[in-house]
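> Here is how the chains run, residue by residue.
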Amino acid sequence: MRNITVRESLNEAMRQEMEIDETVIVMGCDVAIRGNPFGVTKGLLRQFGEKRVIDTPISEAAFTGMGVGAAAMGLKPIVEILYSDWITLASDQIVNMAAKMRYMFGGNIEMPLVVRAPFGAGGGNAAQHSQSFENWFNHIPGLKVVAPITPYDLKGMLITAIRDKNPVIFFEHKRAYQMKGEVPEELYTVPFGKAAIRREGKDVTIVSYSMMSIHAMEAAEELAEDGIDCEVIDLRSILPMDYETVMNSIEKTNRVVVTQEANLRGGFAADIVAEIIDRGFDLLDTAPVRVGGLNVPMPYNMGLENYVIPGKETIKKAIRKALKD
Amino acid sequence: MSIKIDKEVLEKFTCYTPLKAPEGMKKEEQMKLFYRMKLIREFDTTVKDLWMENKIYGLAHSYVAAEAIAVGTCFALKPDDAITSTHRGHGHVIAKGGDVKKMMAELFGKYEGYNHGKGGSMHIADVPHGMLGATGIVGSGMPLAVGSALAADRLGTGNVTICFHGDGGTNQGVWHESINMAAAWNLPVIFVLENNQMAIGTELKSVSKEVELYKRAAGYGIPGVQVDGFNVFAVYKAVKKAVDRARNGEGPSLIEAKFLRLLGHFVADDQWYRDLKAVEPFWKLDPISRMKDYLLENKIAAAKEIERVEKDITKEILDAVNYAANECTEPSVETLYDNIYADGEIIK
Numbered sequence: 009m010r011n012i013t014v015r016e017s018l019n020e021a022m023r024q025e026m027e028i029d030e031t032v033i034v035m036g037c038d039v040a041i042r043g044n045p046f047g048v049t050k051g052l053l054r055q056f057g058e059k060r061v062i063d064t065p066i067s068e069a070a071f072t073g074m075g076v077g078a079a080a081m082g083l084k085p086i087v088e089i090l091y092s093d094w095i096t097l098a099s100d101q102i103v104n105m106a107a108k109m110r111y112m113f114g115g116n117i118e119m120p121l122v123v124r125a126p127f128g129a130g131g132g133n134a135a136q137h138s139q140s141f142e143n144w145f146n147h148i149p150g151l152k153v154v155a156p157i158t159p160y161d162l163k164g165m166l167i168t169a170i171r172d173k174n175p176v177i178f179f180e181h182k183r184a185y186q187m188k189g190e191v192p193e194e195l196y197t198v199p200f201g202k203a204a205i206r207r208e209g210k211d212v213t214i215v216s217y218s219m220m221s222i223h224a225m226e227a228a229e230e231l232a233e234d235g236i237d238c239e240v241i242d243l244r245s246i247l248p249m250d251y252e253t254v255m256n257s258i259e260k261t262n263r264v265v266v267t268q269e270a271n272l273r274g275g276f277a278a279d280i281v282a283e284i285i286d287r288g289f290d291l292l293d294t295a296p297v298r299v300g301g302l303n304v305p306m307p308y309n310m311g312l313e314n315y316v317i318p319g320k321e322t323i324k325k326a327i328r329k330a331l332k333d
Numbered sequence: 085m086s087i088k089i090d091k092e093v094l095e096k097f098t099c100y101t102p103l104k105a106p107e108g109m110k111k112e113e114q115m116k117l118f119y120r121m122k123l124i125r126e127f128d129t130t131v132k133d134l135w136m137e138n139k140i141y142g143l144a145h146s147y148v149a150a151e152a153i154a155v156g157t158c159f160a161l162k163p164d165d166a167i168t169s170t171h172r173g174h175g176h177v178i179a180k181g182g183d184v185k186k187m188m189a190e191l192f193g194k195y196e197g198y199n200h201g202k203g204g205s206m207h208i209a210d211v212p213h214g215m216l217g218a219t220g221i222v223g224s225g226m227p228l229a230v231g232s233a234l235a236a237d238r239l240g241t242g243n244v245t246i247c248f249h250g251d252g253g254t255n256q257g258v259w260h261e262s263i264n265m266a267a268a269w270n271l272p273v274i275f276v277l278e279n280n281q282m283a284i285g286t287e288l289k290s291v292s293k294e295v296e297l298y299k300r301a302a303g304y305g306i307p308g309v310q311v312d313g314f315n316v317f318a319v320y321k322a323v324k325k326a327v328d329r330a331r332n333g334e335g336p337s338l339i340e341a342k343f344l345r346l347l348g349h350f351v352a353d354d355q356w357y358r359d360l361k362a363v364e365p366f367w368k369l370d371p372i373s374r375m376k377d378y379l380l381e382n383k384i385a386a387a388k389e390i391e392r393v394e395k396d397i398t399k400e401i402l403d404a405v406n407y408a409a410n411e412c413t414e415p416s417v418e419t420l421y422d423n424i425y426a427d428g429e430i431i432k
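In order, the protein sequences belong to chains A and Z. Per our numbering, the very first residue in the first sequence carries number 9; after that it's consecutive. Per our numbering, the very first residue in the second sequence carries number 85; after that it's consecutive.
Take these hints with a grain of salt, some might be off.
Covered stretches of chain Z (in silico footprint by chain A; criterion: 3 or more residues with CB under 8 Å from a CB of chain A, positions within the stretch not fixed) [to be verified]: (1) 209-217; (2) 254-268; (3) 417-425.
Since the hints were derived computationally from the structure, they do not count as laboratory data. Note that the coordinates shown come from a computational prediction; the quantities given were computed from them, not determined experimentally. Glycine included, C-beta positions come from ideal geometry on N, C-alpha and C.
All chains, please: the whole structure from these sequences, using the hints.
Structure follows, in structure tokens:
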């Protein structure tokens, strides 16, 4: 199978789905002529024209809301928030409209809306271009939230997102666009709510998603040399969340480390740990360990930034902590 | 018999125009306008009583005094055209041809209501009839309407979308963003501004220097007009023109239907913050009394005929209350998770 980048896999998902479904449209700041700053939507304008690939004004609230209205009336909009940090501007339309309209309005509305949100830190982009807000949206009934990382999953899950009749917040890690992996040429889907076990192991379960699953794998490989056998789970999907895979793994390992890139306080890892305790406190031999960013606005200085974001070493430390006793 | 409008009111309400039916409008059509306005009035008057009796609860915002705007506007539409609403949605549902029984059932929180008891007054919706739902967040329907127009344009349906919003909404950021986008792309949407001059307890003039809001249209390069929002014919004529324009691919318009909120912000608001003596004379502009007066004076309908319509409306609303109170059921807890996600999917 061919190896392509994340950028290419996402581009291909949109292109192929647009070829078979005329109701799919793409909109956002600079998505058409420039093909977005990361090149993810490059070439779509040339192939599908300006009626379907729309450069919007810098009006996140209104163009996201326009996506909501268009979704309600028969289109399948893919709305891009150029940096996910600015989803704050569009949050009213996502949280109070898209997520709730079907419920509030008696089930008489569909909301096949995808909000693509490049997220995550790295590269010195400082405090307004580096954040990870997945847990804010995880809190909202009516939304689906995914954060896949491999080129294969990103393509398959973007297609699933486009076809889903519910609003989906699709988090893409900005530092992953150049990463390569095997991706089939044809259309395929990867379901939501199903985690992937990236590495089987018996000593400790590492729950991860997006960039943290890359770092978790690095940590696991290095610890294997010391005879520590980690099982690495890539959640891929945050809402719905695959607790079955997580609990089955803990049943085997009896120890768990939960990782997130976002700063730790009020994060998804805390929610996962609480749910693990509810579902299987007795399975645990040691206290669950959380890994997350430090509770600071992201500093510009790359030395400081690296200190803030968790990586391989942070995860290794957490694994050793979980293995104590 | 003719209603005399006080000089002091006319001085303050400069957009007053006497009622005059558009040329060629049939008697049945004029009677339909009267019927729909009166039905809204009766519905919302009853809702207030029911709220005071604790039969319905939550926040209910009355459409009283605004009837001419929804009814005049929706009369210019085809059934497949869409409208977005505000937190004051009862009038929009009725004007779009909705069912007062289902709406009353919803206000009672019953399963048989439009929203299966999950929306209530503030989220009343009749999506199959193109009423895309009331929203409790001022201004949030603006981009929704633009999106609906975008879909109509891309799918080639030929439908237009009406975006009802209030003067309060005009100072939200999305108001500007939405009109700007609709104008940039000539989308078939008409922004109907229900200017009641009050945002709960705050008067428009205390938060906006320019209170002639239609003038803002110039900033977007689209037509903007102001009409007497108490005058159903004036509203209809302005909207008809804008709808024809939009259907013709000539893009959006802003129609400021100016009136005055004559009642409280919500049904139990006693308006202690407002000089009600100054409001009182504006009741002479009441769209329904004026319409009735017009129909009688111009011998379009006889007094008896109008009385019969009014009697029918009273019965229709009584029937709706009876249906909601006695024939409908409470939603069961089993329905709690229904419709959060599509196709019966449940995520807990």
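> Taking a Cβ-to-Cβ distance below 8 Å as contact, does the stretch 417-425 of chain Z have at least three residues touching chain A?
Contact hint for the stretch 417-425 of chain Z vs chain A: holds, 4 residues under 8 Å.
> Three or more residues of the stretch 254-268 of chain Z near chain A by CB distance under 8 Å?
holds (count 7)
> For the stretch 209-217 of chain Z, do three or more residues have a beta carbon lying closer than 8 Å to a beta carbon of chain A?
holds (count 5)
Going down the numbered hints, you'll see the structure goes against none, and every one checks out.
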